[in-house]
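*Asks:* Residues per chain are reported as follows:
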Amino acid sequence: AQTVTQSQPEMSVQEAETVTLSCTYDTSENNYYLFWYKQPPSRQMILVIRQEAYKQQNATENRFSVNFQKAAKSFSLKISDSQLGDTAMYFCAFMKQQLNDMRFGAGTRLTVKP
Amino acid sequence: GAVVSQHPSWVICKSGTSVKIECRSLDFQATTMFWYRQFPKQSLMLMATSNEGSKATYEQGVEKDKFLINHASLTLSTLTVTSAHPEDSSFYICSALRGGSPYEQYFGPGTRLTVT
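One line per chain: the protein sequences are A and B, in this order. Residue 73 in the working numbering sits at position 73 of the first sequence; the count goes up by one each step and never skips. Residue 6 in the working numbering sits at position 6 of the second sequence; the count goes up by one each step and never skips.
Next comes chain A alone, as it looks inside the complex:
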């Protein structure tokens, strides 16, 4: 079974600064998908960014980028120019290429301070 580990239960960052959230995973699969989701207090899950394992290029979405290290099974999220609205729980997630076995990490609670 796949496992996803987020070792930082809580993090904080000053507004406009940069923060990196860590995620490691364990799998024997070669092709899979990785995701970062944001869950604000409303509890609506919002996709932040996704990465296909077969792509070597790191995904970017505006202020959000990932550092995907396939050999090390590491998938960290970098948030640049942090904004107050970025305050939320962030979950790293893994899905098999067969579109099943979705696994989430324990989450990191990010607080952006003014």
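Check each hint, because a few of them may be wrong.
[As the list claims (entries may be wrong)] Distance condition first, Cα-Cα at most 25 Å in a straight line; then the derived PhoX-like pairs of lysine-lysine:
#1 A:K96 x A:K78
#2 A:K55 x A:K78
#3 B:K64 x A:K96
#4 A:K96 x A:K73
#5 A:K78 x B:K41
#6 B:K55 x A:K96
Because the hints were derived from the structure by calculation, they are not lab data.
The hints should help you fit chain B onto chain A, whose structure is shown.
*Replies:* What follows is chain B alone, placed relative to chain A:
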């Protein structure tokens, strides 16, 4: 963007009764839907994978006779919690995979279930 709805958003039921939660993809067809459970301040735990027209695949430790899942159409999946007990109180979230886009997964807003 694609929208997934859940109904009800909040339900209170008495111990021993059953409650049904609906998950609908409003503007796309979902060949696969997932059901998750989330306890307070915890992560999402996958309960089952639901494919249209076939039986759901339950995760280990999830009682399929207690959590009945029906995926009757490409836009609707239901989760029925049968003979609910207080320990079933939780936040239930569904998600839907858009057909044709292998990794486009859209989440519903969740349903808070309280069993008294």
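*Asks:* Could you run down the list of hints and mark each one as holding or not?
*Replies:* Checked hints:
Distance hint between K96 of chain A and K78 of chain A is fulfilled; the C-alpha atoms sit about 23 Å from each other, no more than 25 Å. With a CA separation close to 18 Å, the supplied pair K55 of chain A and K78 of chain A stays within the 25 Å bound. Taking the CA atoms of K64 of chain B and K96 of chain A, the gap is near 23 Å; set against the 25 Å cutoff, the hint holds. A C-alpha spacing of about 14 Å is found between K96 of chain A and K73 of chain A, which places the hinted pair at or below 25 Å, so the restraint holds.
As the CA atoms of K78 of chain A and K41 of chain B are separated by approximately 23 Å, the hinted pair is consistent with the 25 Å bound. About 20 Å separates the Cα atoms of K55 of chain B and K96 of chain A, which keeps this hinted pair within 25 Å; it holds.
In this structure, every one of the numbered hints holds.
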